[in-house]
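Q: If you're matching them up, the sequences are chains A and C in order. Heads up, this note's numbering is the position in the first sequence plus 6, with the first residue counted as 1. Heads up, this note's numbering is the position in the second sequence plus 104, with the first residue counted as 1.
Don't read these hints as lab results, they were simulated from the structure. Check each hint, because a few of them may be wrong.
Incomplete in silico selection of chain C near chain A, CB under 10 Å [what the hints assert, rightly or not]: (1) 259; (2) 292; (3) 295; (4) 387; (5) 388.
Derived list of chain C stretches under chain A, where covered just means 3 residues or more per stretch with a C-beta under 8 Å from a C-beta of chain A [to be verified]: (6) 166-177; (7) 270-281.
Ideal Cβ positions, reconstructed from N, Cα and C, are used throughout, including at glycine.
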Amino acid sequence: MDILGGLVEVVQPATLLLIIAGTVAGVLVGALPGLSSSMAVALLLPFTIYLDPIPAIAMLAALYCAGTFGGSITAILINAPGAPPAAATAFDGYPLAKKGEAGRALGMAAVASVLGGVFSLMVLILAAPALATIAYRFGPPEYFALTVFGLSMLASISGKSAVKNLIGGAFGVLLATVGVDLTTGVERFTFGVPQLYEGISFIPVLIGLFAMAELLEQAGQKDRPLERFGMSALQLPGREDFKRVWKTILRSSGLGTFVGILPAEGSTVAAMMGYNEAKRWSKNRENFGKGEIEGVAGPEAANNAATGGAMVPTLALGIPGSATAAVILGGLQIHGLRPGPYLFENQPNLLYAIFFAMLIANLVFLAFGLAGARYFSRISLIPRQFLWPAVFCLCVVGAYGVGQSMSDVYIMLTAGLAGYFLNRGGFSPAPIIMGLVLGHLVENSLAQSVILFDQDMTRFLSRPIALFFFALAILSVASGPLASMFRARRAGSGPEK
Amino acid sequence: MKYLARIAACVAAAATLGGPAEAQDFPSRPVEVVTHASAGGGTDTTARTLLIRGRRELGVDAFVQIKRGGGGTVAMSYASGKPADGHTLMAITPTHLITMARGRAPIEIDQIRGIVRSTDDPIIIVVNKSTGIGTLDQLIEASVKSPIKWGGTQAGGIDHIAAITFAKNSGAKVAYVPFDGGGGIITNLMGGNIQAAGLNYGEAVDGMESGDFVPLAIMAKERLGALPDTPTLGELGIDGVNFSTVRGLIVMADVPDDRVEFLEKAFLKAMRHGTYQAYLTGIGLDSGSVAGAAVWDAQIREMYENIHDTLGELGLRK
Numbered sequence: 007m008d009i010l011g012g013l014v015e016v017v018q019p020a021t022l023l024l025i026i027a028g029t030v031a032g033v034l035v036g037a038l039p040g041l042s043s044s045m046a047v048a049l050l051l052p053f054t055i056y057l058d059p060i061p062a063i064a065m066l067a068a069l070y071c072a073g074t075f076g077g078s079i080t081a082i083l084i085n086a087p088g089a090p091p092a093a094a095t096a097f098d099g100y101p102l103a104k105k106g107e108a109g110r111a112l113g114m115a116a117v118a119s120v121l122g123g124v125f126s127l128m129v130l131i132l133a134a135p136a137l138a139t140i141a142y143r144f145g146p147p148e149y150f151a152l153t154v155f156g157l158s159m160l161a162s163i164s165g166k167s168a169v170k171n172l173i174g175g176a177f178g179v180l181l182a183t184v185g186v187d188l189t190t191g192v193e194r195f196t197f198g199v200p201q202l203y204e205g206i207s208f209i210p211v212l213i214g215l216f217a218m219a220e221l222l223e224q225a226g227q228k229d230r231p232l233e234r235f236g237m238s239a240l241q242l243p244g245r246e247d248f249k250r251v252w253k254t255i256l257r258s259s260g261l262g263t264f265v266g267i268l269p270a271e272g273s274t275v276a277a278m279m280g281y282n283e284a285k286r287w288s289k290n291r292e293n294f295g296k297g298e299i300e301g302v303a304g305p306e307a308a309n310n311a312a313t314g315g316a317m318v319p320t321l322a323l324g325i326p327g328s329a330t331a332a333v334i335l336g337g338l339q340i341h342g343l344r345p346g347p348y349l350f351e352n353q354p355n356l357l358y359a360i361f362f363a364m365l366i367a368n369l370v371f372l373a374f375g376l377a378g379a380r381y382f383s384r385i386s387l388i389p390r391q392f393l394w395p396a397v398f399c400l401c402v403v404g405a406y407g408v409g410q411s412m413s414d415v416y417i418m419l420t421a422g423l424a425g426y427f428l429n430r431g432g433f434s435p436a437p438i439i440m441g442l443v444l445g446h447l448v449e450n451s452l453a454q455s456v457i458l459f460d461q462d463m464t465r466f467l468s469r470p471i472a473l474f475f476f477a478l479a480i481l482s483v484a485s486g487p488l489a490s491m492f493r494a495r496r497a498g499s500g501p502e503k
Numbered sequence: 105m106k107y108l109a110r111i112a113a114c115v116a117a118a119a120t121l122g123g124p125a126e127a128q129d130f131p132s133r134p135v136e137v138v139t140h141a142s143a144g145g146g147t148d149t150t151a152r153t154l155l156i157r158g159r160r161e162l163g164v165d166a167f168v169q170i171k172r173g174g175g176g177t178v179a180m181s182y183a184s185g186k187p188a189d190g191h192t193l194m195a196i197t198p199t200h201l202i203t204m205a206r207g208r209a210p211i212e213i214d215q216i217r218g219i220v221r222s223t224d225d226p227i228i229i230v231v232n233k234s235t236g237i238g239t240l241d242q243l244i245e246a247s248v249k250s251p252i253k254w255g256g257t258q259a260g261g262i263d264h265i266a267a268i269t270f271a272k273n274s275g276a277k278v279a280y281v282p283f284d285g286g287g288g289i290i291t292n293l294m295g296g297n298i299q300a301a302g303l304n305y306g307e308a309v310d311g312m313e314s315g316d317f318v319p320l321a322i323m324a325k326e327r328l329g330a331l332p333d334t335p336t337l338g339e340l341g342i343d344g345v346n347f348s349t350v351r352g353l354i355v356m357a358d359v360p361d362d363r364v365e366f367l368e369k370a371f372l373k374a375m376r377h378g379t380y381q382a383y384l385t386g387i388g389l390d391s392g393s394v395a396g397a398a399v400w401d402a403q404i405r406e407m408y409e410n411i412h413d414t415l416g417e418l419g420l421r422k
C-alpha cells in the first residue's frame with residue numbers, strides 16, 4: 007500500500023511538473039561547466055521551503071539525477087565536463103565526437119545513465135527499509151563508528167590529493183565545533199558573537215563553497231573559444247554496441263551503487279572507478295582514450311547508479327551518501343523530516359515518492375537527452391557576464407532564505423571567498439562539507455557513548471555493529487598503503503622469475 | 105499650492121474618519137511580535153496563528169519579526185531597543201529565560217513583563233516499558249543502584265535543567281544524555297539505549313499508544329487532560345519541579361499599565377477564538393494553555409528562579 011501511496015503522491019500534476027522542471031533544470035545546470043548538481047541543489051533548496059515536503063524532496067532528487075547526466079553532454083561534445091562526475095566520460099566521449107560519432111556516444115551515455123540509475127533505485131527500494139529496520143539498533147556508539155568510517159573515506163572523495171582531502175575534512179570538522187557544545191553547554195569559538203551561538207549552519211557554507219567560490223573562479227577567466235563538432239543524428243545504441251557494453255553497464259551499475267551507499271563517496275569517485283574497471287575488463291583495452299564506446303558506458307552507468315545508492319544511507323540513517331545527498335539531507339531537515347528509522351514509519355510514502363521521482367527523472371532525461379542534446383550543449387555558449395551575476399543573486403537570496411538572517415549571508419560570502427582560495431590551493435569543497443556534516447555527529451555520538459558506557463570506553467567492544475564499522479574504517483585507511491606495499495613486493499620479486 | 109492644500113485636507117479628513125471608531129490613542133501603528141526562531145518552527149507558527157485574530161482585536165495590523173541568533177539574544181536586543189510604548193511585543197520561551205539566567209542576554213528578568221501565555225506543554229517523565237519500571241518510586245529506586253540514563257536536548261537547555269532539578273528534589277540519580285533534537289531521544293528511548301526521558305505529550309504520544317513508553321509523572325501543577333491517570337510530581341510528594349515548553353508574549357516592563365491591560369484583553373480574546381483553539385488541539389494541547397498576565401508573569405518568574413539555581417549548580421552560570 008505504501009508503494010501505491012508513494013505513486014499517488016508523485017502523480018499529482020503539480021508534483022509531476024516540479025519533477026520535470028527539476029529534471030530539465032538539472033540537465034541544463036549539469037551541462038554548464040562550473041555548475042554542478044551539488045550547487046544546483048544547494049541553490050534550489052531555499053526555494054523549496056514553501057512547498058510540501060514530498061514535492062520539494064522529489065524535485066531535489068530529480069535535479070540530482072538529471073544533473074549527473076547533464077554533465078556528460080558537454081563532456082562529449084566540447085570536452086568540457088559540465089560537472090565533476092562527467093570528467094571520466096570525456097576521456098572517450100570526446101574522441102568519439104571528434105570521429106564524428108557524437109550521436110553514438112550521447113545515445114550510449116543516455117542509455118547507460120538510465121540503466122545505472124534504475125538499477126540503483128531498485129537497490130534503494132530494497133535496501134533502505136531493510137537498513138531502517140536495523141537502524142533501531144543504531145545507538146550513539148554505532149553512529150560514532152559509522153561516522154568514523156565516513157570520515158575515513160574522505161581521502162578519496164574528490165580527484166584531488168588525498169592529503170588535501172583529509173585536511174579539508176578536518177577543517178570541516180573544526181567548523182562543526184563552533185557554537186554551544188551539545189554535551190557541555192559551553193560556548194566554543196563564538197568570539198562573543200550571538201549569531202554564532204547556534205553554530206554555523208551548513209547550507210550557507212555549502213552555497214558559498216560550491217556556488218560562490220566557483221563564481222569567483224569563473225569571473226577570473228575569459229570566455230574561452232570552444233571547439234564544437236557537428237553532430238551526427240543521435241542514435242540509440244544498436245545491437246552491436248549493446249552486446250559490447252552490457253557487461254560493462256551491469257558491472258558499473260553495481261559498482262556505482264555500492265560506492266554511492268558508502269558514506270561520503272559520490273558520483274565522481276563512482277565514475278572514475280566505473281571507467282577504470284571498464285578498461286581493466288575490456289577486450290579492447292588499447293582502444294580506451296581513443297574513442298571506445300565502453301569508456302562512455304562505464305562511467306555513465308556508474309555515476310548515475312551512485313545517485314540512488316547515495317540516497318540509501320541518507321534516508322535510512324541520516325548519514326549522507328554523497329556531497330549532493332548532504333544537501334538533500336539539509337532539505338529533509340528544513341521540512342522537519344528527520345531521516346532515520348522513524349522517517350519510514352511516520353512518512354511511509356516518502357521513500358516511494360522519492361523512488362518514483364527519481365525514476366521519472368531518469369525517464370524524462372532519457373527523452374530530453376536524446377531529443378535535445380544538441381540544444382542543451384548550446385547552454386555552454388551563454389556569456390559569463392550574464393550567467394554569473396544571476397548565480398550571485400541566487401547565492402545571496404538562497405543563503406538569506408533558509409533562516410531569514412543576514413548573518414547567514416555573511417557566512418556564505420566568507421565561505422565563498424575561503425573556497426576560492428582553497429580551490430586555488432588544491433582543496434576541493436566536498437570533503438569540507440562532509441566534515442562539517444559529519445563533525446557534529448562524530449563528536450556528539452562519542453560524547454553520548456561515553457555517558458552511556460559510564461565512562462568505560464572498552465564497552466565499545468561489546469557492540470558488534472560498531473566493531474564492524476571500525477574494522478571498515480581501518481581497512482579503508484590501510485588499503486592505500488597496503489596496496490602499494492603489495493605492488494612494491496610484486497615488482498621486487500618480478501625479475502627473479 | 106492649492107492642490108497640496110487639497111491633499112492635506114483629504115488626509116486630515118481621512119484621519120478624523122478613522123478616529124472616532126477607535127477613540128484611544130493605542131495602538132496607533134502596526135504591532136510587531138519579535139521571535140527568535142526560524143520561520144515554520146513552533147514559535148513562529150504559534151505567533152502567526154495568534155495574530156490571525158489578534159489583528160482584529162488590536163484594530164491595527166500586526167506582524168512577526170524574526171530576529172534569530174544567540175538563544176534569543178538578538179531578539180531581546182532588538183525588542184529592548186524599541187520604544188516601550190506597547191507596539192513591540194516579544195514571544196518568549198524557556199530558551200530566553202536560560203539565556204538571561206546565564207548572563208548572556210542584554211536584558212534581565214525584571215525588565216520584562218508577561219502579557220499572555222499562548223502554549224503550555226508540560227514535560228512528562230516517560231520510561232521504556234522494557235525497563236520494567238511502572239511507577240516513579242520504582243524509577244527512583246532503580247536509579248540509586250545504577251544512574252538512570254535520561255535523554256533530552258542540549259546540555260544547559262530546559263530538558264537538562266528539568267532533569268537535574270527533578271533529580272535534586274527527588275533523590276533520583278540521573279546520567280543525562282543530550283541529543284540533537286527530539287527525534288534522537290525518541291529513537292534511543294525506543295531502542296533501549298536510554299531508559300527515561302522528559303518528553304512533551306506530542307513527542308511521546310505515539311510511543312505511549314503503542315505501549316512502548318510508560319508515562320510516570322507530569323512536571324506540572326495540574327494533571328494533563330489527555331493523560332488523566334498520570335499523576336503530577338506534586339501529588340507524588342516532589343515539589344518545585346514544574347517545567348514545560350511554554351510560549352507567551354511579553355513587553356518591556358516600562359510599558360504603561362493601561363496598554364498592557366489592553367494587549368492582554370485583545371490577545372486573550374483572540375486566543376479564545378476557534379482558529380487558535382483548533383491550532384492548540386492540532387498540536388495536542390487544550391484551552392488550558394491560554395492564560396492571562398497574572399498567571400503567565402508568575403510562571404515566568406518561578407521558572408526563572410528554578411533555572412537560575414540549577415544552572416548555578418551545574419556551573420553554567422556566569
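Q: Closer than 10 Å between Cβ atoms is the bar; does residue 292(C) clear it against chain A? Give me holds or violated.
A: 6 Å, holds
Q: Just to make sure I understand the rule, a stretch counts as covered if three or more of its residues have a C-beta closer than 8 Å to a C-beta of the chain. Does the stretch 166-177 of chain C meet that for chain A?
A: holds (count 6)
Q: Count the residues of the stretch 270-281 of chain C with a beta-carbon closer than 8 Å to any beta-carbon of chain A: does the count reach three?
A: holds (count 3)
Q: Taking 10 Å as the limit, does the beta-carbon of residue 259(C) come near enough to a beta-carbon in chain A?
A: 4 Å, holds
Q: Interface hint check: residue 387(C), Cβ to nearest Cβ on chain A, cutoff 10 Å. Holds or violated?
A: 13 Å, violated
Q: Identify whether the interface hint at residue 295(C) stands, where standing means a beta carbon of chain A within less than 10 Å of its own.
A: Where the cut-off is 10 Å and the nearest Cβ of chain A is about 5 Å from residue 295(C), the hint holds.
Q: Do the numbers back the hint for residue 388(C), that is, is its least Cβ distance to chain A under 10 Å?
A: This interface hint is violated because 15 Å lies over the 10 Å limit.
Comparing the model with each numbered hint stated earlier shows that hints 4, 5 do not hold.
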